[in-house]
Structure formats: C-alpha cells, structure tokens
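Trainee: The listed protein sequences derive, respectively, from chains P, C and Y.
At position 71 of the first sequence the residue is numbered 393 (my numbering), and the sequence of numbers has no breaks.
At position 1 of the second sequence the residue is numbered 10 (my numbering), and the sequence of numbers has no breaks.
At position 293 of the third sequence the residue is numbered 288 (my numbering), and the sequence of numbers has no breaks.
Pairs of lysine-lysine, DSSO-like flavour, derived with a Cα cap of 30 Å:
| id | chain 1 | residue 1 | chain 2 | residue 2 |
| --- | --- | --- | --- | --- |
| 1 | C | K249 | C | K298 |
| 2 | C | K146 | Y | K283 |
| 3 | Y | K53 | C | K67 |
| 4 | C | K399 | P | K410 |
| 5 | Y | K240 | Y | K142 |
| 6 | P | K326 | C | K501 |
If you are wondering where the hints come from, they were derived from the structure by calculation, not from laboratory data.
Values in this document were obtained by computation on a predicted structure and should not be read as measured data.
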Amino acid sequence: MLKKESLRKADVISSIILIILGIYVIKEALKMPATGLPGTVEQEFYLAPGFFPIIVAIVLIIMGLFLLINGIRSGGRISKDDLRKFVKIFTSKNAIRSIVITALIIIYTIILLGRIPFFWATFIFLAGSMFFLKAGSWWSILLISTIGSLIIQYCFGTLARIPLP
Amino acid sequence: MGLFIFFQELINLITNGQILFLMFISTILGIIIGALPGLTATMGIALLTGITFGLPAKLAVPILISIYDGAIFGGSIAAVLINIPGTPASAATALDGYPLAKQGKAKEALLITRIASFIGSLFGMICLLEIAPLLSKVALQFTSPEFALLALFGITICGSLTAPDLAIKGWIAGFLGILVSCIGMDGLHGFPRFTFNIPELLGGIAYVPAMIGVFGIPQVLISLRYSTGEMARIIEVKTKLMNILRIIKNHIFCVLRSGVIGVYVGTIPGVGEDVASWLSYDTAKRSSKNSESFGKGAYEGIIASETANNACIGGAIIPLLTLGIPGSPPAAVLLGALLLHGIRPGPMLQFEFPNFIYEMSALLAIASFLLLICGTLMTSILVPILRRTKNEILMPIVATLCVIGAYAINISLFDIKVMVILGLLGYILVEMGYPMAPFVLGVILGPMIDVNLRRTLLTSNGSLLPFVTRPVSIILLILIAFSFISQTSWWKNRKKKGVKVS
Amino acid sequence: MFKKLNLILVIISLLGLLFLSTNIAAEWPRRPITIACFAAAGGGTDLTNRTLAGVMEKYLKVPINVVNMTGAGGAEAVNYVWQQKHDGYTWLGHSEGILLMPLMGAFPHTTKVWESFILCGSPELFSVRSDSPYKTMAEVLEAAKTKEIKVGASIPGAIHHMKLMYLVRVTGLKFKYVPYPGSYPSQVACLAGEVDAVMTSLQEQSELLKAGKLRALAAIEKTALDVPGIGKIPSIVDWVPQFKKIPEIKQMLGFSVPYDVPADVITKIRTAYIYALRSEEVKNFIDKNYLILYGLYGTRAKSFIQKLESIFAWLAWEAGLVKESPEKFDIPKPAF
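Just chain P, with the same shape it has in the complex (with noise of 0.2 Å):
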C-alpha cells in the first residue's frame, strides 16, 4: 500500500475516476429498456434491467464525492511534482520486477494458453519468470519448471479429469 500522503492524493484520482464511472453506468443503464418481464403485461421502472446498476451507480458517485472532499481536505493537492514521483514508481528497479512479471503472465494467458497445449505454455511461462528472478541455476530452474508442469498437468488433466486448453 502507498504511504499516506501518496494515499489522499491516490483518492482524490480514484473518487474521480469513480464518478466518471458511476456516470457512464447510468448513461448505459438508461438506455437499457423499461420493458415489464416477458410474458406479462406490467411495466414498471423498479423492474427495470437498469435499475438496480443506476442505485449501485449513484451509491459509489455519493462514496466517490465523500472521498474526493476528504482527500482534498486532507492535503491531496496533485502538484506538477507529483507528476515526476508517479513516472519514478515505475522506474524503479523493484517496480521493474513488478512489470515484467505482469508481462510475462500476460503473455502466458493470454496469448500462450489456446494456442500451444497447456503443459508448454506453462513450462516456458516457469522457466521464463524463475529465469528473471534469478531463482536459481539454469538446470535447477529447467528441472524445477518441467517437474511443476508436469504435475499441475497430471493432477488436473488427468486425476481430476478436466480437459486442459
């Protein structure tokens, strides 16, 4: 979690984002009809599909609106030096571990998986992620993906008998 400074000023963006959100839902749930249930005859706005998402909606602008007076108040100003100090959380070496890790289960599920059978795309998803971590040496690390895919793939291919992509 982000220190508490950082916080008030994470608020004040994420309430924002929240009302642009909380907007779009209603614009959307409007335009859904206000048709009664199929079959019957009553049309009523509470029945609506819509209704329930425009509540929920107007719920998180009232949050969101709670949470922006309370960031502000609490000093949640975004400065132009902000601006430098969120390009440097990801720069940072730590956050580059981060990032390439989300690249390379990104590129594992994403595109990998469906398109070369489960136990391959696993094992260079393994041996790819153990490589940039500096897990290990490079034997112990190919040994290790190749004895984890095998398993993941024998006990849920063929003990649970579910069909792997």
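Take the given structure of chain P and dock chains C and Y to it, following the hints.
Mentor: Just chains C and Y now, kept in the frame of chain P:
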C-alpha cells in the same frame, strides 16, 4: 433413542476399515483442494461426484462429506501461509492469519484453525443431530427482502472490517464488486447488461476467477517486488499445544458464538460459509475487549472465522435433509450427488431412510476427527516446504495455480482472461488502499441483492413496505444502518469521549 | 559430474513428455470421452448425463467424463463442443435450454447441426402450498380472472417459465410471473408464502408433494399423471381444452454430438446409447427421479427437437425475450 442410533452408526463406521481409509484419503484430498487457490469446496465435491459415480452410496457419501469438511478447513492453510484465501470461506481468516504467519506463528495459527474447524464441525454436527427440525424453519423465514438485506449486510460489514485505510473504501470496493456482478444477463428479464456484445459475458463474471484474480495476482506481484534476499527471514516460533488449548479455552465464548452464527447462516438457503465467517468475525471484533488487535494477528479473529465456516457445514445440511433445500453452494452439489445415488433428501427422507440423518451426523463427526489428524499431517509437510522455498520459485508456481484454478471451474479460457484483468485492476486498487475481500463478496452476492430487491418490489407492486414490516428484515436493516453509522467520525468521537468520562 | 547428471535428467524428462503428448489415432474410441454439460453439477441435466456416462462407458470401454461448463449461461459449453474436432470425443450434455441460444446471439446455429440423444424429461406441475385456499385448478383459474395470482418459476427462458408463458398465452389469464434463480429457490418461496403457486417439474417437487407441504393442482401436460406415493394429478386439459390441440412443450434431457461426426462413430454411440436404455441403472434413475423415458435418437429425436424449437423460439420472440427473429434462422412458426 436418536442418540442411540447415532452411536450405533458411529461404531459401524469406525469398525469399517474401508470407509475409514477412504475418508482419511478424502479428507487429505479435501484439504489440498481447499488449500489450492481456486479449487473451492463446491468444485471439489463436483469433481469427486463424477469420480465416485461408480461406487455405491455407502462409500460415495462418506467421501463427499470428508471432501466438504476438509476443503473448508484447507482454505485457511493458503490464507495463513500466502495470504491468498484458498476458498471464499477463508477470506476472513487471512486477515489475522497472515499477520500471525509474518510474526513466525504460522504453525500456531494453523493449529488454532485446525482446532477451531474441528470444534465448528462438531458443533454443526450436534445441531444437525439434535435440533434439525427446529432449525429447518429458519430456511422458510427468509424471503426476498431478507435475502437482499442479508447480502447487503454481509458486504457492508466485510467492507468496514477489511479496509486498511478508510472504511468508505471498503464499501466502495464492495459496491464495485456488485457493479461487476451486474455484467451479464439479469436474473429477472434475461436482458444482457454491460456485455459490450461479447458473447462470453452473457453469463456474467464467474466469482471464482474474480476471487483468484483479485487475491492471487496482487499477492504474487507484491511478494515478488522485493527479492528474497532483501526480506528478513521469518523464524518460526515454537508451538506448545498447551498454550494453544489455553487460548481456545480463554475464548470459549467466542467459539460457541461463532458456532451458533455458522449453523444459523448455514441453514439459510443460498448463503454459505463465506457470509458465515464474515458475520462471525464481525461479531467477534465488536464484542472483543481488544478489538484494535484485530487485523494485526488476533487469535480471536481466526478462531471466529474458522469455527463459523466449518459449523456452517452442519447448518447447510439441515435444510438439505429436512426440506430438500441446500443451505449453501457446496450443499447444492451434495444434493445432486445424493440424487445420483438414489437418495432423495427432503421431508420424506426420515421415512424412506430413517437412519440417514444419524448416519450423516456420524460421518460429520468422523470427518471432523480426521480433519484434526490429516490437518496436522498436511501442515507439518506444507509449512516447512513453503517456508524454505524462495518466493522466486514459489510465486510463479502460485501464479500457474491461479491460472489453472480460474480455468478449471468452468473449463473456460475466457475466465483466465477475466482473472488476469481483474487481478491487475485489483493490484492497483490494493496499492491505493482498497481491500479486495468486499469486492469478491460483492461479486458473489451482488445478483442476490439485485434480483431479491426487484422481486420484492414485483410481489409488493412497487411498495418498499416489506422491508420494514417483516421482523427479520427490520433487524437486518437496523444492523446495516448501525454498521454505516458506527464508522462515521461522529460516532467514533462520541465513543472516545464516553471512554474518557468513565 | 553432478551437474551433467542433472542435465541428462532434464533432457530425458523433456523427451519423455514429447512422446506422451503425441497421440496415435485408430479405431474410435481410443481415449476418454468428455461430456461438456452446460448446466451446473447436481441439476437434472447433469444427473442425466452422469447416469448415461456411467453406463455407456462400460459399453465403450473408455472413461466418459462429465464436466460442467456453465459459462455464458451454458453457451460456452455449446461453443466449446462445436469448436473441438468433430471426432466424437466431445459431447454436449444439454436440456431444452439450447433451443433459444441462436436467438440470443449466443451460438450461431440452430439445432439442425446436432445429432441428439434425448433420454428423458420430467412432467411440469402447477402446485400450491398445503394451506393455500385453492383446492383445485378450477378455483385458481377462476380467481385469476379477477385477482393477481403470483406464480414462482425459474429464470426467464427456462422450461418452467416457458410453460407459464404458454399457459398465460392460451388462457389469457393474469398470472404474475415471479422469477427465481432456479427451481429449488422458487419452491422455497412458495413454502415461505412469497408466491401463491409454483411451477417446477415433478422430479424437483416429488419429496415436498409426498410430505404434503405442497399440493399439485394440475400437470401442465396433455395427459394426467399417476405417481406412486403421491396419487393422481389431473392434466390441465381438463380445464383448458385448447391444450389438447396445440403442440406441446416438454422438458428434454440428454446429449448431442455435432451432426458431421463420422457416421461409424455415430453408429457406435447409438449402440452404446441403446445398451444404456436397456440397462438397470438408467431404468432405476428414471423411476427414482420421477422422469418420463423418451429414449429418442436419430430422426425421431431430430423431429422432436425441431418441433420444440419452433414453439420455444416463437413464444420467446412474441414475448420479447430474444433479440433475433426466428425467421432469420428459418424456424417455422408453429400452429399455436
């Protein structure tokens, strides 16, 4: 008379080596299923229903009960050790279990969850045995307005309990979860909401991938941000059984109360172990003398949530056997399994299979004892492995388990994508101080609020009166209002002043 | 030395895997069959398919796994089976719920693309609580002329809702449909007094009827029922004679494979299915669960499904339940 049959069944089962052995293996399997993120009790029972189809009911039912009991406990292992609740039922356990593990008390915490689960299961069993007919009436007290309010109550208390920063952020996370649950065909019209013409979204966002995503991915990313070398090594504190028993004894009231809450929530159809553990955790925190220690490794916290979620099992079986109505999602699958084996639970069960309720109680009793043994076995294997493995090796494997867990529940590649996208979103939210547990509860219970709210209005022709004229719903309404008010600065100031004066 | 040994181990395990992943195809069935069931575990569709799988795997001598793919309201299972190789190794476990999928834009084809095996279905009942003022269906129909009768049924588009819509369409009476997420919640609501009546299948209601908690007023079927342990349940035809002439809606539970699965494979599935039809297990399953055996396959299954599809499609289209017109898919309008 009933007790006599119960002990007869119990002795029958204990002297049957085959059943005992199968239950032993199944409990271990259940614990593993529970401990793996994404494989829930529901999923475990469904999987084993298929595999045990060929077996006679005499063997299949004990296996399934053991899986159920084991999996609900198993969730606490992952929650304590890696801060990823293995099942939604153990999300409340993570709040205090993980801080304890960070203090080197993982073994201690797991011993407590084990004993708490054991007592919880036994408590549920006793209720099933003794007061099942009485409790089955609870299931019929809940109609649409009560369901809507109960779900809302669960989300609000979860929100204020888990928020590390401001309580309002917990509620925001909860309502964001509810909003996510609105995606897909709505339950009243079948109208596609927020589906953006993506056919896969028609059925909505499944809650298991959502849960794995928002708990698993942020945890993986946060653990890997610093290399293991930079982190202080955790030295495990020696556990003494006597100390733990003393802790349990000191909190015996908390244990009993959690058991009652667990059984009660269990008997309400459709809500299960997750809501039970949150309600119990909330009650424990409110009535505790040292409520500040909650969230920082309070023993009471894990006792409350683990007792309640295992007590819920017995509770959920009550309406299943007496009315044919499953009290929780895993019990719904159990119903299917029983039907498959030619046992039709319901009011007629006591005539067709007069001993079945006693047999079920005996099974639950044995399962809870096995839980104690297998749990000890599993933790003594798992704790050293997880402690010695570097995060650099452990976390990539956890990530693949998250992926397969998200996939396995519906065999859907789309669910993996949902898991990753929500996970990354969850990471950003966690960084900004939004808790993820209310988000997940929102995704699970959102449709319940939506449909029950609108159904109440439908049956009352648009009047909101049913919310205030029915006794259970007015109590829930007051509790919800109180949980909001008690978080305002006005209430907190008043309380502080009160303390000073006295 | 130690390092080299490890290297060899790694290479051996990798090579071993390569061999494992290659499959030698020969006479069907060589490997396990998967039934992708489009409904959740424990429901009627799931139970039917698990029972069939349990018997048919004895005949085919390979395991038949039932997996539940409930994504996208079941459409994910349908699309999954369609996208797999049409080699007879993946079957679709389904109920009448697939009939509306093309009209909802969830699957691009009508039932013409399936070779179906329809095992059974359960009759629909219109029931009230035991302390309800309505003793017969006649009283309910009379009361509905002036009063609003609330009827609980499962989600829109499901068989129980379609039956209710059909009843409303034929009688022109004011029944108020109150939707529930499934059959069991709707029965609970009826017991708790939230709705006046409930429509679910006999399979789902049987225990409550036997215990006298619910009272069945009529079967929404063309013929009356005589159920052991419950007694006679009159047909709706007794009060609404129009039902006799118009085509019927029925529940159907079974499985399907794509129509272009090789003919010899379909023949083998058929023989295994016929073997299952004659088995004790299936007979017991049907009896114990108060189901009606249809045992359909081949052209008879096809015509059964297409008749059902046309009523479902047009009824849903008239009610505004689906976004695509049945005309677009060349589904003929039934004479109802």
